[in-house]
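Between the sequences and the hints, there should be enough to build the whole structure, so can you do that?
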Amino acid sequence: AQSVTQLDSHVSVSEGTPVLLRCNYSSSYSPSLFWYVQHPNKGLQLLLKYTSAATLVKGINGFEAEFKKSETSFHLTKPSAHMSDAAEYFCVLDMRFGAGTRLTVKP
Amino acid sequence: GAGVSQTPSNKVTEKGKYVELRCDPISGHTALYWYRQSLGQGPEFLIYFQGTGAADDSGLPNDRFFAVRPEGSVSTLKIQRTERGDSAVYLCASSLVGFNEQFFGPGTRLTVL
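Chains as they are written, first to last, in our numbering: chain V, 48 to 154; chain L, 267 to 379.
The hints are simulated quantities; they were obtained by calculation from the structure and are not laboratory data. Hints are supplied without guarantee of correctness; some may be wrong.
No more than 20 Å apart at the CA atoms, straight line, and that leaves these computed lysine to aspartate or glutamate pairs for DMTMM-like [claimed, not checked]:
id : chain 1 : residue 1 : chain 2 : residue 2
1  : L       : Lys-344   : L       : Asp-290
2  : L       : Lys-281   : L       : Glu-367
3  : V       : Lys-105   : L       : Asp-290
4  : V       : Lys-96    : L       : Asp-290
5  : V       : Lys-115   : V       : Glu-62
6  : V       : Lys-89    : V       : Glu-135
7  : V       : Lys-89    : L       : Asp-322
8  : V       : Lys-96    : V       : Asp-141
9  : L       : Lys-277   : L       : Glu-367
10 : V       : Lys-96    : V       : Glu-113
11 : V       : Lys-116   : V       : Asp-141
12 : V       : Lys-153   : V       : Asp-55
13 : V       : Lys-89    : L       : Glu-280
14 : V       : Lys-89    : L       : Glu-367
15 : L       : Lys-281   : L       : Glu-349
Pair by pair, the computed Cβ-Cβ distance ranges are [said to hold, decoys possible]:
id : chain 1 : residue 1 : chain 2 : residue 2 : range
16 : L       : Val-278   : V       : Gly-63    : 20 to 28 Å
17 : V       : Ala-101   : L       : Val-363   : 18 to 26 Å
18 : L       : Lys-283   : V       : Ser-56    : 33 to 41 Å
19 : V       : Ser-117   : L       : Ser-293   : 36 to 44 Å
20 : L       : Val-278   : V       : Thr-102   : 21 to 29 Å
21 : V       : Thr-151   : L       : Ser-324   : 29 to 37 Å
C-beta atoms are modelled at their ideal positions from N, C-alpha and C, and glycine is treated no differently.
Printed below as a string of structure tokens:
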């Protein structure tokens, strides 16, 4: 069965420090994996997608994610958090959304 | 070009009533998806259309929920005998082809009193 698990419901970082949002998946075939962001009272926006062309995927706003088949993970990272990154982040396997991780950025 | 649009933006109904929610996808997008999102939760997959046919309807919670896309463009999500637990934001998305980047509409907020 296909499933996606976001390991943290809430992550809090200070501005300028690295961001790590964790996502594990389970799939019986080569997955289509995505990260979406949802800012308060805004629509869902694609950050990046895994296409199997490369295991390290670069997205918008400085985010990137690494596909690790051996660990069945697709963690989202950013070297330096900005206040505007505060939002809800969703890892998506095919059409299945994870429960979301709320990112808080402290000044 | 226009994005995905959904109407109405808000719908208030009474328990037991029938409602229809409409989605206009991006022109040329063959795939269309319906989700519902409750407060504090991630979007819950309901149904995925490829063209006119429902390629995956495994997320529909029960037979009160039904969706159509008769001409492969506009889709309507139909909910019969609404229950208070159906209250949520219903999201529609479309993509050029299936399993690709989805473009989301603003959602319809359904409240069942």
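How the hints compare with the structure:
1. Between Lys-344 (chain L) and Asp-290 (chain L) the CA atoms are separated by roughly 15 Å; this keeps the pair inside 20 Å, and the hint holds.
2. For the suggested pair Lys-281 (chain L) and Glu-367 (chain L), the alpha carbons sit about 35 Å apart, so the restraint of at most 20 Å is broken.
3. Of the pairs offered as hints, the one joining Lys-105 (chain V) and Asp-290 (chain L) is violated, with about 30 Å between alpha carbons and a cut-off of 20 Å exceeded.
4. Taken as a hint, the Lys-96 (chain V) and Asp-290 (chain L) pair is broken in the structure, with Cα atoms around 24 Å apart against an allowance of 20 Å.
5. A hinted pair counts as satisfied when its Cα atoms are at most 20 Å apart, and Lys-115 (chain V) with Glu-62 (chain V) does not qualify at roughly 27 Å.
6. With a CA separation close to 10 Å, the supplied pair Lys-89 (chain V) and Glu-135 (chain V) stays within the 20 Å bound.
7. Distance check on the hinted pair: Lys-89 (chain V) and Asp-322 (chain L) sit about 27 Å apart at the alpha-carbon level, beyond 20 Å; violated.
8. A threshold of 20 Å between alpha carbons decides the hint, and for Lys-96 (chain V) with Asp-141 (chain V) the separation of about 10 Å falls inside it, so the pair holds.
9. The suggested pairing of Lys-277 (chain L) with Glu-367 (chain L) is violated, with an alpha-carbon distance near 28 Å, which exceeds 20 Å.
10. Distance restraint check for Lys-96 (chain V) and Glu-113 (chain V): the Cα-Cα separation of roughly 10 Å lies within the 20 Å cut-off, and the hinted pair is therefore satisfied.
11. As the CA atoms of Lys-116 (chain V) and Asp-141 (chain V) are separated by approximately 16 Å, the hinted pair is consistent with the 20 Å bound.
12. Between Lys-153 (chain V) and Asp-55 (chain V) the alpha-carbon distance is near 18 Å, which keeps this suggested pair within the 20 Å criterion.
13. Proximity of Lys-89 (chain V) to Glu-280 (chain L) is assessed by CA-CA distance (about 27 Å); at most 20 Å being required, the pair is judged violated.
14. The suggested pairing of Lys-89 (chain V) with Glu-367 (chain L) holds, with an alpha-carbon distance near 18 Å, which does not exceed 20 Å.
15. With a C-alpha separation of about 5 Å, the suggested pair Lys-281 (chain L) and Glu-349 (chain L) falls inside the 20 Å cut-off, and the hint holds.
16. For Val-278 (chain L) and Gly-63 (chain V), the Cβ-Cβ distance of about 44 Å falls outside the hinted range of 20 to 28 Å, so the restraint is violated.
17. The supplied range of 18 to 26 Å is met by Ala-101 (chain V) and Val-363 (chain L), whose beta-carbon atoms lie about 20 Å from each other.
18. Take Lys-283 (chain L) and Ser-56 (chain V): their Cβ atoms lie about 34 Å apart, and the range 33 to 41 Å holds.
19. A beta carbon spacing of about 41 Å between Ser-117 (chain V) and Ser-293 (chain L) agrees with the range 36 to 44 Å that was offered as a hint.
20. Restraint check, Val-278 (chain L) to Thr-102 (chain V): a C-beta distance of roughly 47 Å breaks the suggested window 21 to 29 Å.
21. In this structure, Thr-151 (chain V) and Ser-324 (chain L) meet the distance hint of 29 to 37 Å, their C-beta atoms being roughly 34 Å apart.
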